[in-house]
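Asks: In our numbering, the protein residues as written are 415 to 908.
It cannot be assumed that every hint is accurate.
Claimed, not checked - Label-pair restraints from in silico Cβ distances:
1) Asp-650 with Gln-845: 28 to 34 angstroms
2) Ala-848 with Leu-828: 20 to 26 angstroms
3) Arg-688 with Ala-761: 40 to 46 angstroms
4) Gly-861 with Gln-659: 30 to 36 angstroms
5) Thr-747 with Pro-687: 43 to 49 angstroms
6) Leu-784 with Gln-724: 37 to 43 angstroms
Hint data in this document are derived by calculation from the structure and do not stem from the laboratory. Where a beta carbon is used, it is the ideal one built from N, C-alpha and C, also for glycine.
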Amino acid sequence: MKKYQTLLWIASAISVIIPAQAQSPFIGKCAVFPSNNIWNTPVDQLPVASTSATYVNTIGPGLPLHPDFGPVPYGIPVTTVPGTQTKYPATFVYSAESDPGPYAIPLDAPIQGGSQSTGDRHVIAVDTDNCIAYEMFGAYPQATGWKSGSGAIFDLSSNALRTAGWTSADAAGTPMLPGLIRYDEIAAGEIRHAIEFTVAHSRNSYVWPARHFASSLTGANYPPMGTRFRLRANYDISGFSPTNQIILKALKKYGMIIVDNGASWFITGATDPRWSNSDLHALTNVKGSDFEQVDVSSLMVDPNSGEARQGTITAPVSVTIAPASQTLKVNATAQFQASVHNASSQAVTWSVNGIAGGNATVGTIGAAGLYRAPANAPSPATVTIRATSSADSSASGTATVTVAPNVSISLLPLRTTVPQHGTIQFTAHVQGTANQNVTWQVNGFDGGIPTFGLISASGVYTAPAVRANMTVRITAVSVADPTVSANALLTVAH
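All chains should be modelled from the sequences, with the hints used to inform the complete structure.
Replies: Structure representation (C-alpha cells):
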C-alpha cells in the first residue's frame with residue numbers, strides 16, 4: 415500500500431476579518447460531510463505556511479499538475495447504491511486498522527483500473543439513502559464477499575475522524591470521496607471541497623486532518639500526510655477551458671490535501687465517460703511552483719474532529735514572492751511575482767538590499783518585479799529582493815538572488831602533439847572571477863585514466879603507450895563555476 419527554498423512571510427500587526435463560507439458538496443441527496451468539515455472549508459484567505467517553499471521544492475517545483483482521472487479506465491469509480499443494497503463481509507490485510515464491515519459494495523462494482531488491474535484497485539460505494547460511504551484499497555471480489563488491503567466506512571453526516579494511527583483506503587487515513595473531482599460538479603459549475611493529491615515522498619508523520627503516515631523518511635523537507643496546498647491567487651486561469659477553470663478555481667479556493675504516496679502533484683477524480691482526456695491534459699501547464707502550502711491551524715477546533723472553525727477568522731496580511739531563490743549571471747534578468755494575502759490590494763513596492771528599486775551595485779528591480787543583475791557580481795554575491803504590501807507596510811516577503819560572474823577560460827596550448835610516454839604542461843587562465851582554480855579531465859575522466867593518459871592537478875599531462883596515433887581531449891573546468899570549461903586537442907604520436 416502506498417502507505418513546510420522557504421517562501422518567507424512576515425505577519426502584519428493589522429488583521430483582516432475573513433468570512434468563512436463553507437458549503438457541502440452533494441452526492442444524490444447526501445451532503446458529503448457537514449458544511450463545517452475541513453474538506454468543505456475555503457482556505458483562500460488563510461496565511462501561507464512558513465514551510466511552503468521547502469515542501470514545494472521537495473515535491474518538485476518544475477513538475478506538472480497531473481489529472482489522474484478521466485473516462486474509463488482512468489480515475490476512481492464511485493458507485494451509488496440504495497439502502498437495500500446487500501452488505502458483504504470483507505477480509506483485510508491491514509485488519510487492525512480497517513472497519514470490519516460488512517460493506518454495501520456490490521461484488522460487480524467497478525474497480526479502479528478495471529477488473530484485471532494490478533494497481534491500487536480502489537472501490538467506492540455510497541449508500542445514498544443512509545448517506546454512508548464504503549471505501550476499499552486493493553479490493554478483490556470473491557464469491558461471497560470482498561478481500562482487500564484495507565477498508566473504511568464513513569458516516570457522511572459526521573465530522574468524526576478515524577482512530578489516530580489508522581489507515582483507510584488512502585494512506586493518510588482520510589476518506590477518499592470528499593477529495594475526488596466528480597464530473598457532476600463540473601456540470602453544476604462549482605467544486606466546493608478540497609481535492610486529494612499524491613506526492614512521491616512524504617514524511618513519517620501526519621497533520622490534521624490526516625490520521626496515518628506511510629513513510630520511513632524523517633527529513634523536515636518532506637511534507638507530512640494531510641498537508642494542504644492551494645493554487646496561487648494570482649495564477650492566470652483565463653486561458654483554460656471552462657471545465658479546467660472550475661477545477662483551478664477550486665484549487666485556489668479550497669486547495670488540495672496530501673493523502674497518499676505516488677507521483678507528485680497527481681490530483682484524483684472519479685471515473686466518468688464525460689471527461690475529455692485531451693482537455694484535462696491542459697492542466698499539466700500548471701507547475702508545482704504555482705502552488706503554496708496553507709497554514710490551516712487556525713481552523714482546527716479539535717484534533718480528533720474534522721470540524722473546521724467557521725464564521726470569522728482573524729488573519730494577518732502577508733506577502734509571498736516566487737521564485738524564492740534564483741541564481742543569475744551578471745546583467746541577466748529574472749521575473750519575480752508577489753502575492754498579497756488577506757488584503758484588498760495586490761500592490762507592492764520592490765527593493766533590493768533595502769534600497770527602493772535597487773541600484774547599479776546590487777541590481778535593479780522595476781514596479782512589475784523584473785530584476786536585472788548588476789554588471790559586476792556584488793560582494794557578498796547574494797542579494798535580498800523584498801516586496802512590501804502597499805496596503806500594510808509592515809507586511810513583506812523576501813527572495814534571494816545570487817549573482818554569478820561571467821566566467822570564461824582560455825586554455826594553452828589549444829592543439830599540440832606529444833610522443834607516447836611524453837609530458838606536456840597545459841595552462842588555464844580563468845577570467846571573470848578571482849578563483850583561478852580548475853579541475854582537469856582527459857576525455858571526460860577526472861585526472862584521466864591510463865588508456866588515455868593522466869593529467870595532474872597542475873595541468874601536466876603524461877601520455878600513455880599507444881599502438882597508433884591517438885587524439886584525446888583535455889578539459890579544464892572552472893571551480894568557481896563548474897558549468898564553464900575549455901577544451902584542447904592533443905595527439906599522442908606512436
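Asks: Hint by hint, say whether it matches the structure.
Replies: Structure-based check of each hint:
1. Asp-650 with Gln-845: 28 to 34 angstroms: violated (42 angstroms)
2. Ala-848 with Leu-828: 20 to 26 angstroms: holds (24 angstroms)
3. Arg-688 with Ala-761: 40 to 46 angstroms: holds (41 angstroms)
4. Gly-861 with Gln-659: 30 to 36 angstroms: Given range 30 to 36 angstroms: violated, Cβ gap about 57 angstroms.
5. Thr-747 with Pro-687: 43 to 49 angstroms: holds (47 angstroms)
6. Leu-784 with Gln-724: 37 to 43 angstroms: holds (41 angstroms)
In summary, the numbered hints that this structure violates are 1 and 4.
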